[in-house]
Amino acid sequence: MSAEPLLRGRGLHYRYLDRYVALDDVSFEVHPGEFLALLGANGSGKSTLLKMLDGLVFPTSGSLSAFGESITEQALSDPAANARFRSRVGLVFQNSEAQLFSATVREDLAFGCRQLGLDAVQTDQRIGQIAEMLQIEPLLDRAPVHLSGGQQRRVALGSVLVMSPQVLLFDEPTAGLDPRTSAWLLALMGDLHAAGRTMVVATHDLDLTMRLATRCIVLDERHRVAATGTPTEVLSDTELLAEANLIATL
Amino acid sequence: MTTTLPDWLAAPTVGVDAPQRRPHRFLRKSLGQVERLLAILSEPPGRLADFDPRVKLITALLVLVAFALMHDPRLLSVAAVMVVVGAVAAGAGRALLGIVVPVSVVTAVVMLPATTSLVRPGTIVLPLGSWAEQAVGLTATGLTGWWLVLARVVASLAVVVVLTRTTSWLRLTAALRSIGAPAGFVLIATMAHRYLWVLGRSLADLLQARRARSIGGATGGEDRAFVGGSVGALFVRSNELADQVHQAMTARGFTGRLVDPTPARLRWTDVAWGCAVVAAAVGLLWGDVVVR
Amino acid sequence: MHVPDGYLSPETCAVGLAIAIPAIAVASRQVMRQVKGRAVPKLAMLSAFSFLIMMFNLPIPDGTTAHAVGSALIAIVMGPAAAVIATAVALLFQALIFGDGGVLAYGVNVVNMAILMPLVATVVNRLVAGNSAAGSVRRITAAAIAGYVAILSASIAVGVELGIQPALFHTADGTALFNPYGLTATLPAMLFAHLLIAGPAEAIITGAGYGFLARTGQLDGIEPTSDKLRGNPGLVSLGVLAVLALATPLGLVAQGTAFGEWAPDELGEQLGAIPAGLEQWSSFWTHSVLPDYGFASGDAPVAAYWISALVGSLIVAGFTYGALWLANRRKPVSTTA
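Chains as they are written, first to last, in this note's numbering: chain P, 1 to 250; chain U, 251 to 542; chain F, 543 to 879.
What the hints contain is simulated information worked out from the structure, not anything from laboratory work.
Incorrect hints may have been included.
To be verified - On the chain U side, residues computed to face chain F include the following (Cβ under 8 Å): (1) F276; (2) L312; (3) V315; (4) S418; (5) V486; (6) V495.
No residue lacks a Cβ here, since even glycine has one placed at the ideal position from N, Cα and C.
Model the full structure from these sequences, guided by the hints.
Printed below as a string of C-alpha cells:
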C-alpha cells in the first residue's frame, strides 16, 4: 500500500439537509486496486459517503481529494475537471430505478458512451458486448421501468460499466436480489477487481465482505469510523460488529 | 463462472477531454430546488405551534383580507413590520428571508417603471429629464402605488410564512377542513404532502444519477430526452406507489368514505390570541379608512 | 405565472375563488367516479407529481432554463378532471410551502393553471392529434402544441387579471392600489415571456413526458378517449364561466363607467390598444341580455353591468352544460381503449 491513494477524505462532516448529521469526522483512503468494504447499519452514513466519493454531495467541512485533485463543488464546475473526475469514478446506486431514465435499455447504455465522446459504431459495439456480458441482450429494446428488480440492477450496472471507470462505487449491490443473481453479481465484482479495478462497496452483507474485500471500514451508528482492518480482523470482532449494529446479539 | 471482460473494460478509462457542449445548468438548479423542498419538509414547526390551527388559519385569512383592503402605504408598512417581527419571534426568520426577499425584490423592480410619468401620468415630484418633448419624472401617485404594493406583498407573504412555518401540514389541512374546504380535496392534499417526501427523494436520486454520468453537458436533444424520461419515470413511480397505498388502505378497511377526526376544544388562550389579531387588523383597517 | 398576494384586488380574488371552488368540487366528483376507490391515493400521488414537475428546471433551446406547470401533461394523460385536482393541490403546496402564489390569489391561480390550462390542453390535443395512433409523432407533436397553447392561454388570463387592476382599483388621485400596469403593458409582457421561454418549457415537458409514457407503454388502457371530454359537461361549462368572468371587467373598462375621476384624455391613454370590439362586448351584456330591467341606463350603471354580466354568464354556462349533457346522452360511451 505504498502507492498514492486514489481517493482521500480528511475529517469529513456532513449534515443532511443542514440538519441531520450523516458523517462525523470521517477520514479514510482508497488505494489503487483495493476492494474496500464500507460496513455499517442502515442510516450509518454509508450511502452519503459513497455519494460524496462520487462528487454528488459535498462535505459540510473536511476535505476530499481524488487522483491528487481537490474535489469541491467549485472544482467540479470546471468542465475539464468534471470530465476527468466523472470518467474515472462510477457509482451504482442502491436504487437501480433511480439510475434509469431512458425510454429503452439501449438508450440508457448509450448515454454513458456518448458522454465519453464515442462514435455510433463504438457505442453500438460497447452496448452489444456489455449486454452479452450482463445477459441482458433480450431486454435492449424494452423500457427499464418495466423490468424486474434484478433486471434493473443489471441494466444499472451496465450503464455505469460502459464508461469503464477506474474506481467503481457500489451501494448495497446485493440487497433485494435473488440468490442466483446475487451469486452472479459477486462473481462479476470479483472479476472486475481481478482485472485491476478499484472497488468501494457499501454493504452490511458480511458474506460479500468475507469473500471479496481486501480491507474494511466500519461506520458506527454515531456516523464515525469505528474500525478499519482486514475482513478477518474486523469480522472476528463480534463486540465491534454488535456495537455497529451489523450483527444482532439477543 | 468467470466472465471475460471486453478489452475496453479490462483497462479503465483514463483522461477524457471535456466535450465542448452546453453545461447542464438545469440539473444543478433542479437538484437545488428539490433539496430545498426536502429541507423545508423536514423542518419542525416553530413556536406558536401550540395555538389552535383553526384560529390561526381564520385569523391569517382575515388579516390578508384586511391588508388587501388597505390604501395607506404608511399603515401597511407598519403592519408589515409588525408581522415580520412576529415571524422572527416565532422562529420563522430564516424561512421568511428565503421567501420574502426574492418576491419583494422582484416586485420592487417590476413595479419601478410604474413610478414614472411615462407609465402613469401625474404630478411629477422628481424630474428625470424629458422624452419626446414631454417632461419625464417620478410621480407622487406612482411612488405611493409602488410603496403600497411592495408593503402589501411583504406583509402578506410574512403572514403566510408565520402560518405555515408554525403549523404542521396535518393540522393545517385539518383546519382547512373545519372551515369548509371539500373533504376529498383536503384528504388528497394531506396524503399528497406525505408522498412529496418519497417522490422528492426519488427525483433527487434520478437527478444525481444523471449528474454522476454527465461529462460536461449534453446536447439539447439529450437533455429533452432526459426530461421526458425523468418525468415519465416519476409518473410511473407515482402510479405504482398509489396502487400500493390503495391496497394498504383497502387492507385496513378503507372503502372510499372519509372520517374527519374529532376537532379539539378551543382553549381560552386560542380565543384570546384570535381576538387580539382580529382587533389589530380591524384597528389598522379603521385607521386606514380614517386617513384615506 | 403564480400571482402573489398584493397584486390583485380582493374583488378579483373573490371572483377567482368563486370559480375555483365549484370547479374543484365538480372535478373531484368526476374523478372519484372515473377511478372508483383508487381515486384518493391516485390523485394524492398525481398532486405530488404535479408539484415536483413545477420544481423541474427545464433546458430550453436558447440555453436558459425555465419552469413548467405540467397540468397540460396530466390533462392529456389522465384527463382534465384529474389535472384540475392535482394542479390545484400542487398550487396549494406552492402557496403554502414555497410562498409561490398568494393565498388570497389562490383561486385566481387555480383558474389560470388548474382549470384553464387542462381544458385548453385537452381540446387542442384532441384537435391536433385527430385519430393518429398513440405514441405516433403526430400525437407527441399534438401534446407539445397543447402544452404550448395551454400555457399561452394561461398567460393571457394572467395578463388580463393584472391588466384590469389599475383601471378598476385606484384612489381618487389616481394612485393604483394594486398592479399599476394596464392591459397594454401586461398582455404584451406576459405574452412575450411565455411565447419565448415558458411556452417552450411547457411544450418540452408535455411532449417529451407524453412521448416517454406512450413509448414505454404506460398509457395502454388509461389514456382518456374523446368520450371523456364530452363526458365532462360540468367542467367545460365552468371553464366557459371562467372565461366569461375574466372577460366581464374588460367590458366595464371599455365602457369607461368605472373611473369618472379620470380626465377623458388620460382615460384614452389608459385604454390605449383595447380593441373597439370590447365596447360591443359590454353593450352586449348591458343591452341585449337584460334589456327590460331598466338598469342599463339607470342610476347604477356599474351595478347593473355586474348583475347583467353575472346573469348572462350563468345563462351561457348553463347552455353549455345542457348542450354537453345532451350530447353525452345521445352518444353513449362505447369504447374505453
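Right, here's what the structure says about each hint:
no., hint, verdict
1, F276, "holds, 4 Å"
2, L312, "violated, 11 Å"
3, V315, "holds, 6 Å"
4, S418, "violated, 12 Å"
5, V486, "holds, 6 Å"
6, V495, "holds, 4 Å"
The structure shown violates the earlier hints numbered 2, 4.
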